[in-house]
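S.K.: Kindly produce the complete structure, drawing on both the sequences and the hints.
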Amino acid sequence: MSLLTPDAKTHVDPAAQASVPEKSRAERKTSFDVADFPLPHGREEDWRFTPVDRLTGLLADEPTADGAVTVEVSDQSVVAEPLAADEGVRGTALVPGDRASALAHANSAKALHLKLDAETEYDEPLRVTVHGNAGKRSNGHVVIEAGVHSKGLVILEHTGSGEHTANVEVVVGDGAHLTVVSLQQWDDDALHLAQHEALVGRDATYRHIAVTLGGKVVRINSNVKYDGPGGDATLLGVYFADAGQHLEHRTFIDHNAARTKSLVTYKGALQGESAHSVWVGDVLIRAEAEGIETYELNRNLVLTDGARADSVPNLEIETGEIAGAGHASSTGRFDDEQLFYLQARGIPEGEARRLVVRGFFADVISKIGVPAVVEPLMEAIDAELAAGAQV
Amino acid sequence: MSTLEIRDLHVSVDTDKGSKEILKGVNLTVKSGETHAIMGPNGSGKSTLAYSIAGHPKYNVTSGTVTLDGEDVLAMKVDERARAGLFLAMQYPVEVPGVTVSNFLRTAKTAVDGEAPKLRHWVKDIKQSMAALRMDDGFAERGVNEGFSGGEKKRHEILQLELLKPKMAILDETDSGLDVDALRVVSEGVNRVKDSTDAGVLLITHYTRILRYIKPDHVHVFVNGRVAEEGGPELADRLEAEGYDRFLTPTA
Ligand SMILES: Nc1ncnc2c1ncn2[C@@H]1O[C@H](COP(=O)(O)OP(=O)(O)O)[C@@H](O)[C@H]1O
Ligand SMILES: [Mg+2]
Chain W
1 MSLLTPDAKT
11 HVDPAAQASV
21 PEKSRAERKT
31 SFDVADFPLP
41 HGREEDWRFT
51 PVDRLTGLLA
61 DEPTADGAVT
71 VEVSDQSVVA
81 EPLAADEGVR
91 GTALVPGDRA
101 SALAHANSAK
111 ALHLKLDAET
121 EYDEPLRVTV
131 HGNAGKRSNG
141 HVVIEAGVHS
151 KGLVILEHTG
161 SGEHTANVEV
171 VVGDGAHLTV
181 VSLQQWDDDA
191 LHLAQHEALV
201 GRDATYRHIA
211 VTLGGKVVRI
221 NSNVKYDGPG
231 GDATLLGVYF
241 ADAGQHLEHR
251 TFIDHNAART
261 KSLVTYKGAL
271 QGESAHSVWV
281 GDVLIRAEAE
291 GIETYELNRN
301 LVLTDGARAD
311 SVPNLEIETG
321 EIAGAGHASS
331 TGRFDDEQLF
341 YLQARGIPEG
351 EARRLVVRGF
361 FADVISKIGV
371 PAVVEPLMEA
381 IDAELAAGAQ
391 V
Chain G
1 MSTLEIRDLH
11 VSVDTDKGSK
21 EILKGVNLTV
31 KSGETHAIMG
41 PNGSGKSTLA
51 YSIAGHPKYN
61 VTSGTVTLDG
71 EDVLAMKVDE
81 RARAGLFLAM
91 QYPVEVPGVT
101 VSNFLRTAKT
111 AVDGEAPKLR
121 HWVKDIKQSM
131 AALRMDDGFA
141 ERGVNEGFSG
151 GEKKRHEILQ
161 LELLKPKMAI
171 LDETDSGLDV
181 DALRVVSEGV
191 NRVKDSTDAG
201 VLLITHYTRI
211 LRYIKPDHVH
221 VFVNGRVAEE
231 GGPELADRLE
241 AEGYDRFLTP
251 TA
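As you go down the protein sequences, you meet chains W and G in turn.
Numbering of the first sequence is given in our numbering, commencing with residue 1 and proceeding in unit increments.
Numbering of the second sequence is given in our numbering, commencing with residue 1 and proceeding in unit increments.
Treat the hints as calculated values from the structure; they're not laboratory data.
One thing to keep in mind: the hints can contain errors.
Said to hold, decoys possible - Output of the computed footprint for chain W on chain G, the stretches with three or more beta carbons under 8 Å from beta carbons of chain W:
(1) 92-105
(2) 184-194
Said to hold, decoys possible - Derived Cβ-Cβ restraints for the label pairs, each shown as a range:
(3) G/16 with W/244: 29 to 37 Å
(4) G/102 with W/319: 41 to 49 Å
(5) W/363 with G/77: 28 to 36 Å
(6) G/1 with W/244: 33 to 41 Å
(7) G/92 with W/148: 52 to 60 Å
(8) W/372 with G/206: 49 to 57 Å
(9) W/366 with G/16: 37 to 45 Å
(10) G/16 with W/295: 50 to 58 Å
Using N, Cα and C, we set each Cβ at its ideal position, and we do this for glycine too.
M.R.: Given below as structure tokens:
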């Protein structure tokens, strides 16, 4: 479903049928070799929404420039020996699915390696701050390994500028509970192409939360597959696209094991001329994945004319033996009747707008439930709205 | 003592075929403590009058005045009208998903009063009003009008009326779609507000049923965008017996 305002109408669920892609997601190429992924021209299935003309520099095979990024980790006790390409768990969860990811891998001789010890609960969030510098490009690969029955929260914070390819490879041990939050708080000119991929162990719980507010072009492909039955994955996303921003999120849940669960919930607001958001949610339920449960949802709130939201759910089901599979996708204009109702109760327009937008995000925010993420996020959304009101 | 004064109000809406005049010179004066019933057939322009007073952007006032204690209401923004003391209980209240009733009420109360309500009193006030309107506690944490039944929406409107304490309340078909029990509960709410705040009430209705619970001082028959006849409560009785036909025939 594609939506170009101003002739947009609100679409509600059945309007957005989940489509079955022409080619199975299972057949999509993955490879460690950059040469397997030619420079995209923009008509490829997985690049068709992306402004590839703005990415020719970043998609060139170039090493990380000196001083392109500063990376800091809040807790040194989880920093393990960096991993070379074939070392340790690196490459067991993440195999690059596009040129950007292959570049990130090929140009990261050593990957930052965070290791959460088995049967250990980490009470404090583990913060990784990545600060990019203007005019420079980086390639990064981070491996997060959560030991068996460990419990932790990793927050990746992206600030600053520059151009970046990045992989985040996550191995969630059996019975572990891991939440990975990726915050994109880039300056307005940053480019960021990322693949985040998790291998979710038996009876493990994985939560991935993408919050994208900044950047010129940001594209994050968040993938999940399972390393045994009983795994549970929740992928949450919040984005706010302003004038000139392209914010793209692709999720792929590969239900390759029995009795696994997945829940994908992405919500975005858009305001300003040529603000563009993309959500593509692929779910593949393989023949062996009996008794699984999946639900994916994307909702977009278009605040002004000239913004465009693309929202595409794809559901492939290869077994009849599933516990549940559903999806919802909708894109709607800001509803002036809601504004009138609130104003008719004395609430000034700016505050009324804030209430409506906060209300729109309320359910995904409550699912995120991490105060360290939620509070700054609500403030950031208020600030986005205030900035939009000035234009 | 407040006065809402409507003088020769003309209002039109934009349609596919150009502008269409709906209100054709409405005159009405409502004072504190008075209850005016506006009765009229469907499509006569009752909601248009209500929305125009509240300032809905769809309605264009082409001439005439609306004043509250001499202040020009038409020059005010929607929220300014509410803060000046006007309240509209809507015929079709709007859903605002994700905004809880409790957050909404507190925000509205703070806006109308110009300061946040004292927490302890506020919680007590809400609880009392909700109990009186037979709304259970869980209501406060639901989204505004989200998935509310017709009756719940109307109770929620009256809850706001009780808490915001306006000078003038316009109730647009608050009775429609209510069963007898709900009608009584809602009417009692309106009567409590009248007794405790001396608000002026403009009660818009299609049926006479609600007038058994809320006694009007004045009745105005609204036909084709203007007041066709005025009188006391006895006019409502006549309408009950005779219907609107008398006003709809060309010779009337
Ligand atoms: N946007 C609009 N376009 C055309 N006609 C409208 C529009 N809005 C209202 N009307 C017309 O105005 C008249 C009065 O409507 P309304 O005020 O809702 O009446 P009531 O509340 O008395 O039933 C009706 O004939 C209705 O069809
Ligand atoms: Mg009406």
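S.K.: Now tell me if each hint is right for this structure.
M.R.: Against the structure, the hints come out as follows:
no. : hint                         : verdict
1   : 92-105                       : holds (count 9)
2   : 184-194                      : violated (count 0)
3   : G/16 with W/244: 29 to 37 Å  : holds (36 Å)
4   : G/102 with W/319: 41 to 49 Å : holds (45 Å)
5   : W/363 with G/77: 28 to 36 Å  : holds (31 Å)
6   : G/1 with W/244: 33 to 41 Å   : violated (56 Å)
7   : G/92 with W/148: 52 to 60 Å  : holds (56 Å)
8   : W/372 with G/206: 49 to 57 Å : holds (54 Å)
9   : W/366 with G/16: 37 to 45 Å  : holds (42 Å)
10  : G/16 with W/295: 50 to 58 Å  : violated (41 Å)
Taken one by one, the earlier hints fail for this structure at numbers 2, 6 and 10, listed in ascending order.
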